[in-house]
Amino acid sequence: MKYFVFLKKELKEIFKTYKIYVLPAVFLFFGFLSPVLTKFTPELLKSLSISNGINVTMTELPKFSDAYAQFFKNLNQIGIIVLILVFMGMVVDEKVKGSAAMVLTKSLSRTQFILSKFIASAILFTCSYVIGALGCIYYTFVLFPTYYHKYLILAFLLFWVYGLLIISITVFASTISKSHMMSAVIGFIGFILASASAMFPYVDKYTPGMLCVLSTTLLSGGNLISDVTIPLIVTILFTIVFLWGSVELFKRQEL
Amino acid sequence: MFAIETNNLTKSFNGFKAVDDLCLQVPQGSVYGFLGPNGAGKTTTIKMLTGLSKPTGGKVTIHGKEVRFGSLKNREDIGYLPDVPYFYDWMKPAEYLKFSGELFSIESKYLNKRIEYLLDLVGLKGVKKKIGGFSRGMKQRLGIAQALINEPKVILLDEPTSALDPIGRKEVMDIITQLTQTVTVFFSTHILSDIERVCDRVVILHNGKAQIEDSILNLRQKYTKPAIMLEVENGIMPEILIQTLKQQAWVESIFGDDELKIFVNNITAAQYEITGILKEKGIGLKKFSILEPTLEDIFLKVVKGK
Numbered sequence: 001m002k003y004f005v006f007l008k009k010e011l012k013e014i015f016k017t018y019k020i021y022v023l024p025a026v027f028l029f030f031g032f033l034s035p036v037l038t039k040f041t042p043e044l045l046k047s048l049s050i051s052n053g054i055n056v057t058m059t060e061l062p063k064f065s066d067a068y069a070q071f072f073k074n075l076n077q078i079g080i081i082v083l084i085l086v087f088m089g090m091v092v093d094e095k096v097k098g099s100a101a102m103v104l105t106k107s108l109s110r111t112q113f114i115l116s117k118f119i120a121s122a123i124l125f126t127c128s129y130v131i132g133a134l135g136c137i138y139y140t141f142v143l144f145p146t147y148y149h150k151y152l153i154l155a156f157l158l159f160w161v162y163g164l165l166i167i168s169i170t171v172f173a174s175t176i177s178k179s180h181m182m183s184a185v186i187g188f189i190g191f192i193l194a195s196a197s198a199m200f201p202y203v204d205k206y207t208p209g210m211l212c213v214l215s216t217t218l219l220s221g222g223n224l225i226s227d228v229t230i231p232l233i234v235t236i237l238f239t240i241v242f243l244w245g246s247v248e249l250f251k252r253q254e255l
Numbered sequence: 001m002f003a004i005e006t007n008n009l010t011k012s013f014n015g016f017k018a019v020d021d022l023c024l025q026v027p028q029g030s031v032y033g034f035l036g037p038n039g040a041g042k043t044t045t046i047k048m049l050t051g052l053s054k055p056t057g058g059k060v061t062i063h064g065k066e067v068r069f070g071s072l073k074n075r076e077d078i079g080y081l082p083d084v085p086y087f088y089d090w091m092k093p094a095e096y097l098k099f100s101g102e103l104f105s106i107e108s109k110y111l112n113k114r115i116e117y118l119l120d121l122v123g124l125k126g127v128k129k130k131i132g133g134f135s136r137g138m139k140q141r142l143g144i145a146q147a148l149i150n151e152p153k154v155i156l157l158d159e160p161t162s163a164l165d166p167i168g169r170k171e172v173m174d175i176i177t178q179l180t181q182t183v184t185v186f187f188s189t190h191i192l193s194d195i196e197r198v199c200d201r202v203v204i205l206h207n208g209k210a211q212i213e214d215s216i217l218n219l220r221q222k223y224t225k226p227a228i229m230l231e232v233e234n235g236i237m238p239e240i241l242i243q244t245l246k247q248q249a250w251v252e253s254i255f256g257d258d259e260l261k262i263f264v265n266n267i268t269a270a271q272y273e274i275t276g277i278l279k280e281k282g283i284g285l286k287k288f289s290i291l292e293p294t295l296e297d298i299f300l301k302v303v304k305g306k
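Order-wise, the sequence lines are chains E and B.
Heads up, the first sequence is in the working numbering, so the first residue is 1 and it goes up one at a time.
Heads up, the second sequence is in the working numbering, so the first residue is 1 and it goes up one at a time.
Worth flagging that the hints you see were computed from the coordinates, not collected in a lab.
Wrong hints could be hidden among the right ones.
To be verified - Straight-line alpha carbon distances no greater than 27 angstroms define the calculated DSSO-like cross-link-like pairs of lysine-lysine that follow:
1. B:Lys54 <-> B:Lys209
2. E:Lys205 <-> E:Lys97
3. B:Lys261 <-> E:Lys8
4. E:Lys97 <-> B:Lys54
5. E:Lys12 <-> E:Lys178
6. E:Lys97 <-> B:Lys109
7. B:Lys246 <-> B:Lys261
8. E:Lys251 <-> B:Lys73
9. E:Lys12 <-> B:Lys129
10. E:Lys97 <-> B:Lys170
11. B:Lys73 <-> E:Lys97
12. B:Lys225 <-> B:Lys286
13. E:Lys16 <-> B:Lys261
14. B:Lys129 <-> E:Lys95
15. B:Lys139 <-> E:Lys12
16. E:Lys251 <-> B:Lys17
17. E:Lys97 <-> B:Lys128
18. B:Lys92 <-> B:Lys129
19. B:Lys92 <-> E:Lys95
20. B:Lys73 <-> B:Lys113
21. B:Lys301 <-> B:Lys279
22. B:Lys125 <-> B:Lys92
23. B:Lys54 <-> E:Lys12
24. B:Lys92 <-> E:Lys12
25. B:Lys109 <-> E:Lys8
26. B:Lys109 <-> E:Lys95
27. E:Lys251 <-> B:Lys59
28. B:Lys139 <-> B:Lys98
29. B:Lys139 <-> E:Lys8
30. B:Lys209 <-> B:Lys246
31. E:Lys8 <-> E:Lys251
32. E:Lys251 <-> E:Lys12
33. B:Lys92 <-> B:Lys109
34. E:Lys95 <-> B:Lys139
35. B:Lys73 <-> B:Lys129
36. E:Lys8 <-> B:Lys129
37. B:Lys73 <-> B:Lys54
Claimed, not checked - Covered by chain E, per the in silico footprint, the following chain B stretches (three or more residues, Cβ under 8 angstroms):
38. 42-54
39. 81-91
40. 96-110
Source: prediction; values computed, not measured.
Just so you know, even glycine gets a beta-carbon here, dropped at the ideal spot from N, CA and C.
Okay, chain E solo, but in the shape it has when bound (with noise of 0.2 angstroms):
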C-alpha cells in the first residue's frame, strides 16, 4: 500500500491542476480536427484556386487513413511538445521548491519518487490519448466511408508507446535539471532527437522515430507488420532506459 501512496498524490496532483484540463482538450481538439481538416482541405484549395484562377488538379480523394495520418502528425508536433510542458517540472520543481526533501525523509524511496512520477503522468497522457484517438475515429467514420483498417489498434498502440518514450525523457530531463528552463531544453532535444531518428541513415528502421512513420503507413500500406517489432522493441528499452538513468541519477543527487 505504502509504495502508492506516493503516485496516488501524484494522480491527486493532476485532477487538482490545470494539467487535467489541457491535455485531454489538446488530444482531443487535434482528435476532431484532424478528420475535419483531412476532408476539406481539397475542397477549401479547389475554392481558393478558383477565386484566384489558379488551376489545382486532385490526383486524389482523401482516404480515412490520411486522417488519422494527419493525426498523428498533429500529435506528433504539437501535442507532445505540450506533453513535455506540461509534465518538464514533475522532478526538477519538488527539488528547487524543497518538497522533495520534506517526503523523501519519510519512508519513500527515491525510485518510488521517480517511478510514482512517471506512471501518473503515463496515466494522465493514456487517458488524453485515448479521449483524442476516439475524438478522431468518430469524426473519421462521420466523414469517410469507412474507417477501420486491420492495423488501426496497433497504429494506435505504436504512437503510444512513442508517447511513453517521450515521458521517460521528460522525466530524464526533469531528474538531471536544475532549473525549469533547463528541463525544457533537454527535454526538446530529446524528443526532436526521437523524432528525427527516423531519418538517420542506416539505422533509420530500428529507431523510435520510427515507430511514429509506421503508426501512419500501416495504415496506408507503405509498411508492413513485420516492420514493427525491432523499433518497437528499441523503443520500449529507451524508455526502461531513461527511467533507469532517471533513477539511478536521482539516488545519487543531494537534495
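Given chain E, work out where chain B should sit, using these hints.
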C-alpha cells in the same frame, strides 16, 4: 547511547569546507541548540543528519544507527523541518498529515487520532483552507506537525523561527517548549533568545567548526563576564568618559557609542567607581544597569572574536 552523534563530520564543496570535522554528542531527550551565524554550516549539517546530503568525511549515527546518504534505515527515527518548508499548495493541513503518515504506513485508525492530536498541538485544528493560503507562521507550525507524524525519536528543525514575525516566532517556540521530554529536539538558529528560552545544551558553529559546546548554564558561568549598561543625560557619550573608563583596572572591554556596554572583572568596584567618575567629570547619569550575562556575549566572542 546518544540521540545524535557525529564523528569528524565534514562536507566540502569544491575545496571549501562548509562543515569541518564536526563532533557532536546530543543526549537523548534534550533540546539541543545548534547556533551559528548565516553561512556557518548549520543547514549543510542538518541535511547530512537527515541523509539528504552525503558527507565528504566522518559519520553520523542517530540512536545508534548509522545514517547513510539516501538510505531508508533511519527514516522512522527522525522528523525533519527544513528552513523554508514547501508543501503541496492544493492540499489541506489534515490531508498533508495523512499523506505524510501514509508514507510511513501508519495504520489508518491510529493515524487519524495522531493527526487530530498534532493539529491541536500546532493550533491548526479546524483549519479547512488549502495550504496555499497559509501564512509563513502557519506553514511552519504545520511543518512541525508533519515532522512529528511518525512519533520520531529525534526531530531536526532547521531555523524554524528565522523568517517569522514576533507573533509567529512565539507560537513556534511555544510548540517547541511543549515537545521537551517527549522527543530529542535538534534546533538550528541564529536567534540567540530562542536558544536561551528552550535549549538545555548548545553548540556554537562558526566557519563549519564547533567552537563551544556545553549546557547553557555552564556557558554562562564559564564564558560570560559581568557587564554594566551606561547611558548619560544628553544622550551623547563624552569621549573623555570613555577614555577614563578604559584606564580603570576593573574594565575588560567597552562597546557602544550612545549607550555603553562595559564588561568588567570586578562588579563591586565598577558599581562604586563609575558614579565617582561621572561626578568628577560633571556628567549626568540617565541609566545605569547591571546586565545579566547572555548567550549573545558568548556568541559575539566566538563569532567576532570580541
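Evaluated hints:
| no. | hint | verdict |
| --- | --- | --- |
| 1 | B:Lys54 <-> B:Lys209 | holds (18 angstroms) |
| 2 | E:Lys205 <-> E:Lys97 | violated (42 angstroms) |
| 3 | B:Lys261 <-> E:Lys8 | violated (60 angstroms) |
| 4 | E:Lys97 <-> B:Lys54 | holds (20 angstroms) |
| 5 | E:Lys12 <-> E:Lys178 | holds (25 angstroms) |
| 6 | E:Lys97 <-> B:Lys109 | violated (32 angstroms) |
| 7 | B:Lys246 <-> B:Lys261 | holds (12 angstroms) |
| 8 | E:Lys251 <-> B:Lys73 | holds (15 angstroms) |
| 9 | E:Lys12 <-> B:Lys129 | holds (17 angstroms) |
| 10 | E:Lys97 <-> B:Lys170 | holds (26 angstroms) |
| 11 | B:Lys73 <-> E:Lys97 | holds (25 angstroms) |
| 12 | B:Lys225 <-> B:Lys286 | holds (23 angstroms) |
| 13 | E:Lys16 <-> B:Lys261 | violated (58 angstroms) |
| 14 | B:Lys129 <-> E:Lys95 | holds (25 angstroms) |
| 15 | B:Lys139 <-> E:Lys12 | holds (21 angstroms) |
| 16 | E:Lys251 <-> B:Lys17 | holds (23 angstroms) |
| 17 | E:Lys97 <-> B:Lys128 | holds (23 angstroms) |
| 18 | B:Lys92 <-> B:Lys129 | holds (6 angstroms) |
| 19 | B:Lys92 <-> E:Lys95 | holds (21 angstroms) |
| 20 | B:Lys73 <-> B:Lys113 | holds (26 angstroms) |
| 21 | B:Lys301 <-> B:Lys279 | violated (32 angstroms) |
| 22 | B:Lys125 <-> B:Lys92 | holds (11 angstroms) |
| 23 | B:Lys54 <-> E:Lys12 | violated (32 angstroms) |
| 24 | B:Lys92 <-> E:Lys12 | holds (13 angstroms) |
| 25 | B:Lys109 <-> E:Lys8 | holds (19 angstroms) |
| 26 | B:Lys109 <-> E:Lys95 | violated (32 angstroms) |
| 27 | E:Lys251 <-> B:Lys59 | holds (19 angstroms) |
| 28 | B:Lys139 <-> B:Lys98 | holds (16 angstroms) |
| 29 | B:Lys139 <-> E:Lys8 | holds (23 angstroms) |
| 30 | B:Lys209 <-> B:Lys246 | violated (33 angstroms) |
| 31 | E:Lys8 <-> E:Lys251 | holds (22 angstroms) |
| 32 | E:Lys251 <-> E:Lys12 | holds (25 angstroms) |
| 33 | B:Lys92 <-> B:Lys109 | holds (19 angstroms) |
| 34 | E:Lys95 <-> B:Lys139 | holds (18 angstroms) |
| 35 | B:Lys73 <-> B:Lys129 | violated (35 angstroms) |
| 36 | E:Lys8 <-> B:Lys129 | holds (21 angstroms) |
| 37 | B:Lys73 <-> B:Lys54 | holds (15 angstroms) |
| 38 | 42-54 | holds (count 6) |
| 39 | 81-91 | holds (count 7) |
| 40 | 96-110 | holds (count 6) |
Violated hints, listed in ascending order, are 2, 3, 6, 13, 21, 23, 26, 30, 35; each of the other numbered hints is respected by the structure.
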